[in-house]
Amino acid sequence: MANGKPPIVEITNLAKSYRRGSQIIPVLQDITLDIAEGEFLALMGPSGSGKSTLLNLIAGIDKADSGRIAIGGVDITALGEAELAAWRAANVGFIFQFYNLMPVLTAFENVELPLLLTPLSRKERQEHVEMALGLVNLSDRMDHYPSQLSGGQQQRVAIARAVVTDPTILVADEPTGDLDRVSAEEILTLMDRLVHEFGKTIVMVTHDPRAAEKAHTTKHLEKGVLTA
Amino acid sequence: MFLIKIIIRNAFRHKLRSILTVIGVAIAILAFGLLRTLVGLWYLGVEQSSATRLVTRNAISLVFSLPISYRDRIRQVSGVKLVSWGNWFGGVYIEEKNFFANFAVDPKTYLELYPEFVLLPQAKDAFLHDRKGAVCGRKLAAKYGWKVGDTITLRGTIFPGQWEFVLRGIYRGAQKSTDETQFFFHWDYLNETLKKAAPRRADQAGFYMIGVTNPDLAAEVSQSVDGLFKNSLAETLTETEKAFQMSFVSMTEAIMIAIQVVSYVVIVIIMVVAANTMAMTARERIAEYATLKALGFGAWHIAGIVCGESVAISLFGGVLGVVLTFPAAHWIETELSQFFPVFSVSALTIYFDLLAALAVGLVAAVFPVWRGSTIRIAEGLRRIG
Ligand SMILES: Nc1ncnc2c1ncn2[C@@H]1O[C@H](COP(=O)(O)OP(=O)(O)OP(=O)(O)O)[C@@H](O)[C@H]1O
Ligand SMILES: [Mg+2]
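Quick mapping for you: the protein sequence lines, in order, are chains A and B.
The first sequence begins at 741 in my numbering and counts up one residue at a time.
The second sequence begins at 5 in my numbering and counts up one residue at a time.
In case anyone wonders, no lab produced these hints; they're calculated from the structure.
If you're wondering where the values come from, they're calculated on a predicted model, not measured in any experiment.
Just to be clear, a hint being listed does not mean it is correct.
[As the list claims (entries may be wrong)] Chain B is faced by these chain A residues, among others (derived, beta-carbon under 10 Å):
id: 1; residue: 796
id: 2; residue: 802
id: 3; residue: 818
id: 4; residue: 820
id: 5; residue: 821
id: 6; residue: 828
id: 7; residue: 838
id: 8; residue: 856
id: 9; residue: 901
id: 10; residue: 930
id: 11; residue: 938
id: 12; residue: 965
Don't be surprised by glycine CBs; every beta carbon is placed ideally from N, CA and C.
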């Protein structure tokens with residue numbers, strides 16, 4: 741393993757296909773991959789190669805046809821819908837290309853959102869949210885709505901939302917895909933800090949070679965098969 | 005708490021769309037409430053007509069009258085407490101469109117049979133003692149600005165000529181539902197005038213009103229009265245006032261049923277419109293629902309957000325509709341009093357209004373709730389951008 745730590749994500753013989761009418765389109769074929777704790781992994785590959793599909797499977801928002809994904813020792817392919825939802829709430833932090841913030845909620849409320857599913861008190865939630873927004877350097881923008889923030893700022897709010905529950909892994913699908921170079925650089929630096937200072941594990945799908953450079957490891961997908 | 009916050013903010017996201025939906029629901033609920041009030045009042049009127057009063061009329065048709073000599077023979081039937089009589093006068097005040105019910109009646113017995121027409125003792129006295137005196141209901145007087153002592157001229161349609169009356173009293177209804185738009189005067193005045201002008205039409209009563217000693221005797225008394233005049237020139241038909249009104253309005257009942265159907269159709273239409281709007285809204289927010297689900301929120305949370313917004317908008321419209329019902333009912337009562345002497349909105353109607361608004365909100369939410377709560381996350385997230 742790249743950093744010598746035990747794998748936190750273990751993927752074995754994973755396969756997924758879509759059915760379009762009578763046609764079966766294989767999207768992922770026999771994927772086997774371990775990701776160590778504290779790893780910053782970049783997934784690259786041409787459009788349509790199945791990167792997002794693999795990421796969604798790791799994040800537990802899509803179902804595989806066969807194979808196994810164990811995260812932190814939990815076989816998530818064996819979980820039911822409701823169990824999986826609870827597992828995601830506790831273990832996965834999401835960073836999306838288009839931020840996916842709730843437009844009717846302020847930055848503070850957006851970050852607070854995942855905490856509402858935890859038993860934390862209002863006071864504790866507030867502390868967590870303030871800490872997370874402080875981490876992404878947006879303490880002064882807590883009461884702003886997403887429409888009042890720039891793309892880079894929105895993505896930072898999204899990162900705060902992703903880390904506020906202290907999840908096992910962070911998944912990011914083209915987190916810089918919609919940003920200019922300067923903002924993208926900020927986001928990547930932030931993700932780098934999350935790995936180095938806080939020991940987070942990140943799986944990031946990207947097209948951007950600069951983004952891949954920040955990662956420890958890069959894996960390539962080609963027509964549903966991991967090449968290197 | 006968080007759900008309510010999201011619901012309220014979502015409801016105000018598309019201000020124009022929400023406002024239009026609220027207005028639509030409000031108008032539908034207003035129409036629903038008014039139509040139901042109309043139907044309810046109609047049945048109430050039939051219900052409230054006294055069972056202790058019988059109406060005797062010509063068996064052939066209401067337009068034929070009965071000899072006044074029947075009066076004394078009816079009086080002798082056992083179970084009869086009081087007999088009054090009168091004619092539908094059909095007078096017009098200034099213009100045809102000023103329609104109101106006006107009768108020539110025997111004042112003393114008529115007032116005795118209708119205790120729900122409440123007159124001050126001195127007004128009653130003045131009325132009874134003035135052969136040209138007349139009495140009208142409070143609403144009618146208010147509508148034309150009549151005061152006691154005013155001379156009122158009606159143009160006869162059934163009984164030609166200009167007929168002058170002096171208003172001697174204005175009655176008040178004992179109940180809110182009592183008709184306060186009637187106008188009545190001395191039958192003697194009509195009869196004596198006819199004796200001079202058209203003797204062949206004199207000494208005729210359009211109807212007899214019979215007060216029975218006990219409501220249980222109504223059927224028996226009716227039979228005895230009609231038996232009395234069997235095989236005479238003018239056979240009679242006696243029935244309770246209620247049955248009489250029903251026969252009058254049996255055709256109206258079909259209209260009432262149609263109105264009831266229309267009131268439901270109005271609700272169904274607004275349901276479809278609201279459902280379309282909510283479906284449109286939910287479609288735009290699919291990615292947000294997918295995001296919430298990815299974060300670990302369940303189908304019930306999504307259902308709550310979607311349904312809550314739909315119900316909030318509908319109920320807001322419903323409450324607005326209810327609030328508008330009162331001035332609308334008041335307007336109907338004052339401006340259309342000849343058709344709707346009483347137009348009071350019942351608590352039950354308000355209750356049904358709100359229930360209908362709730363139903364609109366729930367039905368409109370069915371499809372979006374289903375879409376939002378069953379959307380596959382990966383699928384929903386693809387909709388972004
Ligand atoms: N719901 C679906 N039904 C049918 N085919 C699908 C569906 N979702 C994805 N696919 C197909 O699966 C393949 C992989 O899709 P995926 O989104 O994982 O690609 P990707 O590598 O993320 O591409 P991109 O870089 O463009 O985001 C594509 O060919 C896509 O058309
Ligand atoms: Mg993709």
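Now the hints, each set against the structure:
With a least beta-carbon distance of about 5 Å to chain B, the hint placing residue 796 of chain A at the interface is held under the 10 Å criterion. For residue 802 of chain A, the interface hint holds, since its Cβ comes within 10 Å of a Cβ in chain B; the closest pair sits about 4 Å apart. Proximity of residue 818 of chain A to chain B is violated relative to the hint, the smallest CB-CB distance being about 18 Å (cut-off 10 Å). Because the closest C-beta pair between residue 820 of chain A and chain B is about 12 Å apart, greater than 10 Å, the hint is violated.
With a cut of 10 Å, the hint placing residue 821 of chain A at the interface with chain B holds, because the nearest CB-to-CB distance is about 9 Å. The criterion of a C-beta within 10 Å of any C-beta in chain B is met by residue 828 of chain A, whose closest approach is roughly 5 Å, and the hint holds. A distance limit of 10 Å between C-beta atoms decides the matter here; for residue 838 of chain A the minimum to chain B is near 5 Å, and the interface restraint holds. Given the 10 Å rule on beta carbons, the hint for residue 856 of chain A holds: about 5 Å separates it from the nearest Cβ of chain B.
Annotation: interface hint on residue 901 of chain A holds; nearest CB of chain B at approximately 8 Å, less than 10 Å. For residue 930 of chain A, the interface hint is violated, the least distance from its beta-carbon to any beta-carbon of chain B being 20 Å, above 10 Å. Of the supplied interface hints, the one on residue 938 of chain A is violated, with its beta-carbon coming no nearer than about 20 Å to a beta-carbon of chain B, more than 10 Å. A hinted interface residue such as residue 965 of chain A counts as satisfied when its beta carbon comes closer than 10 Å to some beta carbon of chain B; here the least separation is about 20 Å, so the hint is violated.
Of the hints listed earlier, those the structure fails to meet are numbers 3, 4, 10, 11 and 12, in rising order.
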